[in-house]
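Chains as they are written, first to last, in our numbering: chain A, 629 to 976; chain B, 629 to 976; chain C, 629 to 976.
It is worth saying that the hints were derived from the structure and are not from the lab. Watch out, some of these pointers could steer you wrong.
Short derived list, chain C residues pointing at chain A, Cβ under 8 Å [as the list claims (entries may be wrong)]: (1) HIS739; (2) VAL743; (3) PHE823; (4) HIS826; (5) GLY830; (6) GLY929; (7) ASP933; (8) THR943; (9) ILE946.
Given the structure is predicted, the values throughout are model-derived calculations rather than measurements. In this text, a Cβ means the ideal position worked out from N, Cα and C, and glycines have one as well.
Chain by chain, the residues:
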Amino acid sequence: MKFSDLIAQLEPAFIQASSLTAHPDCNPELVGVASVEVGQSERLSYIENAKFAAFVATTGAGALVLPDDPALSQQASDRGIAWLTTPNPKLLYAMVIEQFYQPYRPQPQIHPTAVIDPTVQLGSEVAIGAHVVIEAGCIIGDRVCIFPNVTIYPGVEIGADTVLHANCVIEEQTKIGQRCVIHSGAVIGGEGFGFVPHPPQGWYKLLQGGKVVLEDEVEVGCNSTIDRPPSETTYIGTGTKIDNLVQIAHGCQVGQHTVMSSQVGLSGRVKVGNWVLLAGQVGIANQVEIGDGAIATAQSGLHKDVAPKAVVSGTPAIDNKLWLKVSAAYNRLPELLQTVRRLKRQQK
Amino acid sequence: MKFSDLIAQLEPAFIQASSLTAHPDCNPELVGVASVEVGQSERLSYIENAKFAAFVATTGAGALVLPDDPALSQQASDRGIAWLTTPNPKLLYAMVIEQFYQPYRPQPQIHPTAVIDPTVQLGSEVAIGAHVVIEAGCIIGDRVCIFPNVTIYPGVEIGADTVLHANCVIEEQTKIGQRCVIHSGAVIGGEGFGFVPHPPQGWYKLLQGGKVVLEDEVEVGCNSTIDRPPSETTYIGTGTKIDNLVQIAHGCQVGQHTVMSSQVGLSGRVKVGNWVLLAGQVGIANQVEIGDGAIATAQSGLHKDVAPKAVVSGTPAIDNKLWLKVSAAYNRLPELLQTVRRLKRQQK
Amino acid sequence: MKFSDLIAQLEPAFIQASSLTAHPDCNPELVGVASVEVGQSERLSYIENAKFAAFVATTGAGALVLPDDPALSQQASDRGIAWLTTPNPKLLYAMVIEQFYQPYRPQPQIHPTAVIDPTVQLGSEVAIGAHVVIEAGCIIGDRVCIFPNVTIYPGVEIGADTVLHANCVIEEQTKIGQRCVIHSGAVIGGEGFGFVPHPPQGWYKLLQGGKVVLEDEVEVGCNSTIDRPPSETTYIGTGTKIDNLVQIAHGCQVGQHTVMSSQVGLSGRVKVGNWVLLAGQVGIANQVEIGDGAIATAQSGLHKDVAPKAVVSGTPAIDNKLWLKVSAAYNRLPELLQTVRRLKRQQK
Numbered sequence: 629m630k631f632s633d634l635i636a637q638l639e640p641a642f643i644q645a646s647s648l649t650a651h652p653d654c655n656p657e658l659v660g661v662a663s664v665e666v667g668q669s670e671r672l673s674y675i676e677n678a679k680f681a682a683f684v685a686t687t688g689a690g691a692l693v694l695p696d697d698p699a700l701s702q703q704a705s706d707r708g709i710a711w712l713t714t715p716n717p718k719l720l721y722a723m724v725i726e727q728f729y730q731p732y733r734p735q736p737q738i739h740p741t742a743v744i745d746p747t748v749q750l751g752s753e754v755a756i757g758a759h760v761v762i763e764a765g766c767i768i769g770d771r772v773c774i775f776p777n778v779t780i781y782p783g784v785e786i787g788a789d790t791v792l793h794a795n796c797v798i799e800e801q802t803k804i805g806q807r808c809v810i811h812s813g814a815v816i817g818g819e820g821f822g823f824v825p826h827p828p829q830g831w832y833k834l835l836q837g838g839k840v841v842l843e844d845e846v847e848v849g850c851n852s853t854i855d856r857p858p859s860e861t862t863y864i865g866t867g868t869k870i871d872n873l874v875q876i877a878h879g880c881q882v883g884q885h886t887v888m889s890s891q892v893g894l895s896g897r898v899k900v901g902n903w904v905l906l907a908g909q910v911g912i913a914n915q916v917e918i919g920d921g922a923i924a925t926a927q928s929g930l931h932k933d934v935a936p937k938a939v940v941s942g943t944p945a946i947d948n949k950l951w952l953k954v955s956a957a958y959n960r961l962p963e964l965l966q967t968v969r970r971l972k973r974q975q976k
Numbered sequence: 629m630k631f632s633d634l635i636a637q638l639e640p641a642f643i644q645a646s647s648l649t650a651h652p653d654c655n656p657e658l659v660g661v662a663s664v665e666v667g668q669s670e671r672l673s674y675i676e677n678a679k680f681a682a683f684v685a686t687t688g689a690g691a692l693v694l695p696d697d698p699a700l701s702q703q704a705s706d707r708g709i710a711w712l713t714t715p716n717p718k719l720l721y722a723m724v725i726e727q728f729y730q731p732y733r734p735q736p737q738i739h740p741t742a743v744i745d746p747t748v749q750l751g752s753e754v755a756i757g758a759h760v761v762i763e764a765g766c767i768i769g770d771r772v773c774i775f776p777n778v779t780i781y782p783g784v785e786i787g788a789d790t791v792l793h794a795n796c797v798i799e800e801q802t803k804i805g806q807r808c809v810i811h812s813g814a815v816i817g818g819e820g821f822g823f824v825p826h827p828p829q830g831w832y833k834l835l836q837g838g839k840v841v842l843e844d845e846v847e848v849g850c851n852s853t854i855d856r857p858p859s860e861t862t863y864i865g866t867g868t869k870i871d872n873l874v875q876i877a878h879g880c881q882v883g884q885h886t887v888m889s890s891q892v893g894l895s896g897r898v899k900v901g902n903w904v905l906l907a908g909q910v911g912i913a914n915q916v917e918i919g920d921g922a923i924a925t926a927q928s929g930l931h932k933d934v935a936p937k938a939v940v941s942g943t944p945a946i947d948n949k950l951w952l953k954v955s956a957a958y959n960r961l962p963e964l965l966q967t968v969r970r971l972k973r974q975q976k
Numbered sequence: 629m630k631f632s633d634l635i636a637q638l639e640p641a642f643i644q645a646s647s648l649t650a651h652p653d654c655n656p657e658l659v660g661v662a663s664v665e666v667g668q669s670e671r672l673s674y675i676e677n678a679k680f681a682a683f684v685a686t687t688g689a690g691a692l693v694l695p696d697d698p699a700l701s702q703q704a705s706d707r708g709i710a711w712l713t714t715p716n717p718k719l720l721y722a723m724v725i726e727q728f729y730q731p732y733r734p735q736p737q738i739h740p741t742a743v744i745d746p747t748v749q750l751g752s753e754v755a756i757g758a759h760v761v762i763e764a765g766c767i768i769g770d771r772v773c774i775f776p777n778v779t780i781y782p783g784v785e786i787g788a789d790t791v792l793h794a795n796c797v798i799e800e801q802t803k804i805g806q807r808c809v810i811h812s813g814a815v816i817g818g819e820g821f822g823f824v825p826h827p828p829q830g831w832y833k834l835l836q837g838g839k840v841v842l843e844d845e846v847e848v849g850c851n852s853t854i855d856r857p858p859s860e861t862t863y864i865g866t867g868t869k870i871d872n873l874v875q876i877a878h879g880c881q882v883g884q885h886t887v888m889s890s891q892v893g894l895s896g897r898v899k900v901g902n903w904v905l906l907a908g909q910v911g912i913a914n915q916v917e918i919g920d921g922a923i924a925t926a927q928s929g930l931h932k933d934v935a936p937k938a939v940v941s942g943t944p945a946i947d948n949k950l951w952l953k954v955s956a957a958y959n960r961l962p963e964l965l966q967t968v969r970r971l972k973r974q975q976k
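Okay, chain A solo, but in the shape it has when bound:
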């Protein structure tokens, strides 16, 4: 695809299209994208911000998406690299990728080996792969795409344009919105982990009769698990994105546009606000509440409520700035112990 044709494709799609400026002369033929470090003449790369600006001088990329900085675009021009500038290079880069690559989606058809209960309501143009099982009473929206070996328990609802990747399981009492993506091996609606101590016999099972609701545009990563509560609803708000191997226990309430990185674990009845960022391996204790826009850095352990927009780190989690100081001081503990011992001796 010619660089000029790419720009023509992008402009109407791009929200901030008015601020898009392109190199007037260079017009390379492009076959895809590449990271700027790799940089190939027939591929487009991007410079996210000033931190990566030095790559403009060295990259082999044939075209670049640049932040709005005349010096950078001049430098690119001087090197014969076609460029586009925008206030949000990564967003534009995401839009460019779509012009070259679309993930595999099967044709709308129902594979003859799929086992679909006669009471299931199927929307139009659904794609249902081989060996899929859909139990009684499910409602499957228009253009839903279900990859092979998926199992759906009775009474589940799946909204239009949602994709269920291979071998995932959607259990009873679950409702998934529109344009969601459930990745391979994820389990949505599994029985929450509820037992009452009843010694000496053992643990008495607390049945999980509640619901699981995922609103629209939610993504759930490979092999992640979202559990069904004893009553009410485990709830994931619109646009929230969940990475691989994440655990969301029974009765959690997660807001909109929140992001959870891989291996995050939410205990029972945790509340997470909107636009929260939970980095990898973060754990949150039972019933803790995390305010809107808060950030928890990797591996932190949240035992207490976190205020909106707070940034926290460590276990138990504290303010990130304090944690950075404490972590620095931490390494000097053995030295500190020695100093104090000497001071003590001298004072006697």
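Fit chains B and C to the known structure of chain A by using the hints.
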């Protein structure tokens, strides 16, 4: 269901039934349960203990399970709420849920798409879902329920009344007891992670010819993994409950009625006693032994043996009370460093 | 099998066979192996090194693999235990296991319920289990063994002698080498977790058009996940072994013969060298580089590059020796605070 009918259903089942007292007059019609914060007039809620007592004054619940406290039952009566009192409200609540909700179980039948080796011994009234695969020589007990897309390797034994949820995998040399529940996507009996360093060629594989045994009433959460050892047995005792995404490596010995929360990881040949509690994301190093009744709080890392009934926290794990003090002191480290620096200066 | 026959089987296979010495007289009949603690008369056990030497005096084993130490072999002889000595007892033990146990592998055949696109290229002697799905354009090497309920997306390549255990998923743009083992429930080639913040609408999806390449002899544990990047390749070098429930995000580059224990998590674009050891639950932040031969102990959090052969611990990770000192000092923090308070008072 009328409140009075509910009580009639419960009394014989409840172990401590003799101590059950119910409101003599109110008799609402109930359709289910709800958490006490939600509290709906046609639903029953429970007050676990004094900590939640304030909810009696505000809940909209039509009926309540209360701890034995005449003041609380009087308060409920005054608000026209039907009530039951018991020394163990959460246990009674679990028994109430069962009257309103039972998890989905398929009818006993063998789906025609299931692939079952002719040498498999099937008990009576088994339910085997679509696309299940059971290899040669397996023994499947009475009333076992196997959801769709489950794979069972050769020679596996599954005890009576056990449930295998969708898409789980039971590998060779595994024996699962009676009334167990293996949740969706779990893998039991996978090959332990054993390799001998053999540079420069690489790692030499140590084959895993041992067994995996789960005793009766064990639960294994969604996408959890329990590995097969090179010799002898990876063993999970009766009544032990394992949450989602837990790893139990080759050769671990876990006692009875132990509870492991989500994302716990046990390394090779760990021994865990009876009635142990491992909170979320706890890790235990190779061959460490955890005594009966011990508790490890969330994210702790256990590198050394833990005494019976000990409560430990942190990495490397220490006594929980000490850890609480240390954690409080930890945040004051930068301040401490400054103070010591000043003291040092002054002393010179 | 007679002990003498076992030795005859082993000798040509064993790289350091020349240094193998066996007990001249004892020749028990053996049925398998056992750990040395268990030690049974018809089973062979091994003593890894001096640390376990005391077991020679107590074990009930009928035969032992011993390190080269005449005192130990004499002691074994005195107790009537057959023995073999070698500089690397664990390696020889691994070779002994193979004589008694081989993991289950199905016969080469294609199950009639497998759904294989007509464009798939199948090698000779492949074993393809029930309900396996292989989409268009895949290339499956000779003697590949695919267990039941596996799903393979279009265009995937699987090298000769590779084993895919049950219910795993291999997504598009993935190439797996020869003699690899992908364990049950693993997902290779799932879509990387890439989103661009685009408030107030939400997160804009960054499509993942890159590749996933696993070189030869790679193992991936049960329910582990390895993601596809937006461009270029997520790469796992020859002989690298990955345990259960591990996350490898988009664009990671992992070297040869590296070992990752269970529940390790690598963020996007992490680089890991050759012969690296990552213990359980280690987390590595975006774009961090880990040098050849480095070791990260359990639960450590690596936020910065790690030098070759470094041993690091803690979060944020520091030199292991310093961490051991700091951890010891850590427990004395409350005491330290008190001392400093007293010193301060006295100085006034």
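Going through the hints against the structure:
1. HIS739: 12 Å, violated
2. VAL743: 4 Å, holds
3. PHE823: 6 Å, holds
4. HIS826: Status holds, d = 6 Å.
5. GLY830: For GLY830 of chain C, the interface hint holds, since the closest Cβ of chain A sits about 4 Å away, which is under 8 Å.
6. GLY929: With Cβ-Cβ at 5 Å, under 8 Å, it holds.
7. ASP933: At 16 Å from the nearest chain A Cβ, ASP933 of chain C fails the 8 Å test, so the hint is violated.
8. THR943: Since the shortest Cβ distance to chain A is 5 Å, the answer is holds.
9. ILE946: 6 Å, holds
The structure does not agree with the numbered hints 1 and 7 stated previously, though it agrees with the rest.
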